[in-house]
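6 protein chains.
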Amino acid sequence: MFRHQKELQFEVKVDGPDPMLARQLQEVLGGQFGEMTVMMQYLFQGFNCRGEEKYKDMLMDIGTEEIGHVEMLCALISQLLDGASPEDQADAATDPTMAAIMGGINPQHLIVSGLGGLPTSSTGVPWNGGYIVSSGNLLADMRSNLHAESQGRLQVARIYQMTKDESVRATLRKMLARDRYHQYQWMAAIKELEEKKGVVVPASFPAEAEMESQEQAYEFWNLSDGKESSEGLWATGSAPDGSGDFVYVGEPEPKGQIPKLSVPLESLQHDLNINKSFK
Amino acid sequence: MFRHQKELQFEVKVDGPDPMLARQLQEVLGGQFGEMTVMMQYLFQGFNCRGEEKYKDMLMDIGTEEIGHVEMLCALISQLLDGASPEDQADAATDPTMAAIMGGINPQHLIVSGLGGLPTSSTGVPWNGGYIVSSGNLLADMRSNLHAESQGRLQVARIYQMTKDESVRATLRKMLARDRYHQYQWMAAIKELEEKKGVVVPASFPAEAEMESQEQAYEFWNLSDGKESSEGLWATGSAPDGSGDFVYVGEPEPKGQIPKLSVPLESLQHDLNINKSFK
Amino acid sequence: MFRHQKELQFEVKVDGPDPMLARQLQEVLGGQFGEMTVMMQYLFQGFNCRGEEKYKDMLMDIGTEEIGHVEMLCALISQLLDGASPEDQADAATDPTMAAIMGGINPQHLIVSGLGGLPTSSTGVPWNGGYIVSSGNLLADMRSNLHAESQGRLQVARIYQMTKDESVRATLRKMLARDRYHQYQWMAAIKELEEKKGVVVPASFPAEAEMESQEQAYEFWNLSDGKESSEGLWATGSAPDGSGDFVYVGEPEPKGQIPKLSVPLESLQHDLNINKSFK
Amino acid sequence: MFRHQKELQFEVKVDGPDPMLARQLQEVLGGQFGEMTVMMQYLFQGFNCRGEEKYKDMLMDIGTEEIGHVEMLCALISQLLDGASPEDQADAATDPTMAAIMGGINPQHLIVSGLGGLPTSSTGVPWNGGYIVSSGNLLADMRSNLHAESQGRLQVARIYQMTKDESVRATLRKMLARDRYHQYQWMAAIKELEEKKGVVVPASFPAEAEMESQEQAYEFWNLSDGKESSEGLWATGSAPDGSGDFVYVGEPEPKGQIPKLSVPLESLQHDLNINKSFK
Amino acid sequence: MFRHQKELQFEVKVDGPDPMLARQLQEVLGGQFGEMTVMMQYLFQGFNCRGEEKYKDMLMDIGTEEIGHVEMLCALISQLLDGASPEDQADAATDPTMAAIMGGINPQHLIVSGLGGLPTSSTGVPWNGGYIVSSGNLLADMRSNLHAESQGRLQVARIYQMTKDESVRATLRKMLARDRYHQYQWMAAIKELEEKKGVVVPASFPAEAEMESQEQAYEFWNLSDGKESSEGLWATGSAPDGSGDFVYVGEPEPKGQIPKLSVPLESLQHDLNINKSFK
Amino acid sequence: MFRHQKELQFEVKVDGPDPMLARQLQEVLGGQFGEMTVMMQYLFQGFNCRGEEKYKDMLMDIGTEEIGHVEMLCALISQLLDGASPEDQADAATDPTMAAIMGGINPQHLIVSGLGGLPTSSTGVPWNGGYIVSSGNLLADMRSNLHAESQGRLQVARIYQMTKDESVRATLRKMLARDRYHQYQWMAAIKELEEKKGVVVPASFPAEAEMESQEQAYEFWNLSDGKESSEGLWATGSAPDGSGDFVYVGEPEPKGQIPKLSVPLESLQHDLNINKSFK
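Chains as they are written, first to last, in our numbering: chain A, 44 to 322; chain B, 44 to 322; chain C, 44 to 322; chain D, 44 to 322; chain E, 44 to 322; chain F, 44 to 322.
Bound-form chain A, shown alone:
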């Protein structure tokens, strides 16, 4: 069960209205890597957690914090939209400066949400559940969390460069600092889990299943002309778990067959096969 405290986690202020910035900030509210994404991802991972209690508790701590980040971003966007109005829009038809600003506004901030945050990205695409994952495998999920925080912090940092509003910048710095910690947090959790279970996800796949194709697990296939790719650690070193050495295959050849699908009896079946062999 959850509870709400009226104070925001951190102070949220703006120097003045800026509807174009409000539109940009929607990306880190309701976009692919916005706060809605990390909030829902951590909450679902926490709700579904079947591992040690400390992981579940940690996921619930941070998932709960992220609900408050969605709250902060809505407060930020609402303040930036204060003062935008339909009348301004009407003036835009004759005033180039106003037209320029209006052209950069998300029209749904005026028409749909009444000057409030929307559950959508900076281009107005609704947030959706396909952005998140909760797999039941802790190592896989911690990697997904590190990825989300990395992309998310990158986007906040870019928006930070895109505004001169010092109050907004002060707010964003708080979020950047938390996102920095969250990256540390997932790295620490990943380190712990890799030490326990090995670095490959899933760790538990039966060893014998890998035997026959062992060699293929260490080969880099050079399928794009040029051999610059041979210069990386992935091509010359050892596997991170020391289980083998990488091999750079400069001239790879396919090992499979030319696929031949059975031809359906089209005269009868609209190009579908009538052979009932799968019964």
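It cannot be assumed that every hint is accurate.
It does not matter which identical chain is used: a pair holds within one copy or between any two.
To be verified - When the alpha-carbon atoms are kept at most 30 angstroms apart in a straight line, the in silico DSSO-like pairs for lysine-lysine are as follows:
{"#": "1", "residue 1": "Lys298", "residue 2": "Lys207"}
{"#": "2", "residue 1": "Lys234", "residue 2": "Lys56"}
{"#": "3", "residue 1": "Lys97", "residue 2": "Lys298"}
{"#": "4", "residue 1": "Lys97", "residue 2": "Lys239"}
{"#": "5", "residue 1": "Lys303", "residue 2": "Lys97"}
{"#": "6", "residue 1": "Lys207", "residue 2": "Lys234"}
{"#": "7", "residue 1": "Lys240", "residue 2": "Lys56"}
The hints are simulated quantities; they were obtained by calculation from the structure and are not laboratory data.
We have chain A already, so just place chains B, C, D, E and F on it with the hints.
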């Protein structure tokens, strides 16, 4: 520019028709972490790459390999659907065994694709561009790639357990082996990049911007009852880059204000504010 | 800012595993009218609220309660999936009873979420932000809330009839009771707001704007053959706000023109008009 | 079966081209609460109606009218786009005024639809079936219809304020007047149905099922700090159907357990449980 | 403006309930090529038509007919669902035959729509506006219409084979016959338009623009190993408009550069370029 | 299996930065008819092809070419974005000219992709699998391909008119030329297939099934007032396969019943029918 070779990368075989398995395999073809995802993600990262040539070349190598994995999965699904037919479906109305099988089929394999692979997940949801990312930040993107390969390999391993078809299993083992290598590969690239730029994404955010909220970048906020979360490396150790020590805040208090939004002059504006201050 | 308490709002139990029921319950977790919808709708309305504080506080109370309902449903679904396994799936190929059950499972419960709840509907469609609204107009939004609770409770009641698991039923009864209260709650809020502002949304649209077409605001247009529709309160009574009487127009005639769009100079413009008059 | 009459329901005119307004109007054509939504919602409810004939007939009357509203909006948008051209776009690169206007245009009006209406929202998101509902429960559906008309009319009223084009305003006034009537209509239908069946949806849920948790059906849980929410009718009055009195629970405590999910045998099963108890 | 006649265009009957068939038929109601698609596509093309009146009128005729096809399919699906009930679902837990049938049902037919048609595909994905096109170019759109009717009729024919319900088959035969006519219709319109304007869309692209790359407009590039593709009319004949002869390029070589993107000053800009040259 | 060659198929150049054009070009990269659509459509059709080898080979040739077109468009967009920066965005707040340009930028080009191409349309909607089809019926699919190339080339031609950047135009001319050839190619394939199998898809539907409704397969139903539609080839000629003559039905009457759905026992079942007849 690309070229196609008729042979598959690895041999693809099935023991016999199994439309329920064909439906499950759609997840790793067109689902959130299917082969379409890694193919498109690596290709876009490669096309957009502005860094050292070796990264671009490497992304193109593996992105090109993944097109061939989409090809292999389509071949696998088509073979599993060989022999399914509309007539079988008609029989299902009176035959419980057939009904059971039919209930587990993706109806679009019969109606839409004519016994071929679909660009959709195991529940029939179309693949979409919101599954992938190409950010222009190499470290962020390599983490996204490691996350995708971890979730993807986990799913293939689960499907592996869900079938007794030894030919399918042999095919899946090849893909598991390649996914193992790809995890190694991204780990190696991440290690290289972290050593160059530091572990936090983005590395380049100006140092002075972090000053004021430095403390918040190392605090774990205990926002879910219970203190099991204090037992992890994220709560007690040092930041992975040694820049500070983690602090477990057992009783965190909010540091922000209670937000008060301005009230619009609703009598005139349908609940929208008419204050034009943002002009 | 939010906090999490480990106890669920109400007890959540199941008599035994039932993956088909788990799939059905996804509808009221991540479907159009599931708990994710009311949770996100109330939270966004609360975050964006510019009206009297009591509305904002009330929206935050109930929005916060709904996060806990998402938590309860995840717990319920996880318990129903306990015991489902890939091996069962493998057996399904030869065992009709198992095949029947497997056919009714959401494959993503096995492959994607590892026996946990998903942010998707009963057919596996991801939840999306297009399901919710926060408009800044309190009366419009309270009506949206009443609509969501009505559809949502109906769905829970239907699922209640679809299972014989008495523990699940006991859990659902708690949710039905809360949904009953929430319907009462929105009705009470609507009553209060209608008394203050009138029943038409938005109340504030300027009176003079309605003058010219006043008559059209009370007419029922009979555009489907047959006059059974003349028997309802909408056809014979007065407007709920007493502003006029309804008129049943049995033989309505169009009042507009036959539209004629300008024809573009296609020889030059690929069927686009080159007239630059809008500059 | 349907028939089409060439005349529009009401006259549709514009003073002159205004592609920015055309983009905004897409919201009330193909957005969440646009005319496509009410058209499809009423038609599906009418097609699926199993109640008294008068409801089906009424739904078909109004659903049929709404097809004509989609027609009117397309005519309006096409007229506003008359005169927009690719050449203007080309000029925008060097002319700030033109650039300002072009920045506010939906690029798909030029590239995709050739100066016509699109089945998308003001941000270009395609209309989708997740916006509508037809549940088979008349009271629930009438509430959904009132909600849709309330949000929809609010949006039209906002756009009305956003333009100074008097011809467009005259057209919108017609739509506002019809939307006013449609709100009256659904209110009247709701009143009629509530009197017959009671105010809670679904009315028919067996009484005994509510017994055990009766108390919870009248409690307001104060889960957000502060008690402003105690001032509303929802906290102090009686249920609208007089079945009980509301109780304000100022310090609510959870009544459920701390959830403990079974831990899967991960060494074997990639974090999935192998216990086959659900067979 | 539109009108509705109570009679269906053709008689719709079923032999008995068949919820699995109801699920399959959703594909041709709300799937990619279902009746909703052709209905909305023809209506939007008609509404937006700027060409000769006879095309607009024809599009309105057939678009209006298709609304009636959506109506027929809803009637068909509702009849097939008559008799399905939540109680049956409850029985399914213990009855394998019932479980088999239930496994093949769309759960939303029970939970969401109350035994009625849904605006979704056979896998439950909501219909969306991305399925249709109205481009303002008549020839392009007629080709889109022929494509939609071809895919749509194919799907109906496949479902026809999937059932033994003779009443359903009789209904589908009517739809197949109409879809046959509609294919003829679009072919006739295409023929007329191609004769007027030429076969390439858009016809009006300035001739000089093609000059420089004339040769490339007739070359088949053999980019997949093997030369079976040289056997088709596309490789050896003349262009359909006689403007040139096809050339089979067996060993094609790229004609472009190796792309080199400018490298951003990442130390400052989070991997974004600071060069402001586009101002 | 696929291979990548570093050179682009054709040269890709720009005169200078133009982020507004970059946004527009997203339509032909990741929109409904962009290069991602034809690439994925041809590849899936090729992978799933069960017909003669020459069709499969041809589909693989062109599908492989289209991967290279996605590559070219990404290169084009990246070059147009070179020089856009967050700092410019910050300047936009005070500089009207900059604001105008910024208003027309896709914010995700700055925030999400770091100045690279995105898998989305010009309005930022992610590409999705619902845009493509691979049906297993060659004639149906070739028509889908011709439709996609027609709409796609039309869009490229429109964008061509929308820019004065001569280098971009030169690049687009190459794509227009290839799209011209691809239209020829599908026409040739369609001609070949129609000659073999007849013009109606699917050709193989049993003749006897059409008997009863033969007449309806040649009738044009005039369901929109006015008879301009009688002037086309579809109303007066013969079917393209000579199987019958078209009939213009000026006053069509419905041939079906008024649908009456059974009324559910709502007192028990929440508006769902409890009759278990379908068991």
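Verification of the hints:
In this homomeric assembly, Lys298 and Lys207 come within 30 angstroms of each other (Cα to Cα) only across copies, at 24 angstroms, whereas the closest approach inside a single copy is 57 angstroms. Taking the shortest Cα distances, Lys234 and Lys56 never come within 30 angstroms of each other, neither inside one copy (37 angstroms) nor across copies (36 angstroms). Taking CA atoms no more than 30 angstroms apart as the test, Lys97 paired with Lys298 passes between copies only; the shortest distance there is 23 angstroms, against 46 angstroms inside one copy. For a Cα distance limit of 30 angstroms, the shortest separation of Lys97 from Lys239 inside one copy, 15 angstroms, qualifies, whereas the shortest one across copies, 33 angstroms, does not.
When the C-alpha separation of Lys303 and Lys97 is checked against a cutoff of 30 angstroms, the pair qualifies only between copies, where the shortest distance is 13 angstroms, while the shortest distance within a copy is 52 angstroms. For the homomeric pair Lys207 and Lys234, neither the shortest alpha-carbon distance inside one copy (38 angstroms) nor that between copies (35 angstroms) is at most 30 angstroms. For the identical chains of this complex, Lys240 and Lys56 are neighbours neither inside a copy (45 angstroms) nor across copies (32 angstroms), given an alpha-carbon limit of 30 angstroms.
Of the hints listed earlier, those the structure fails to meet are numbers 2, 6 and 7, in rising order.
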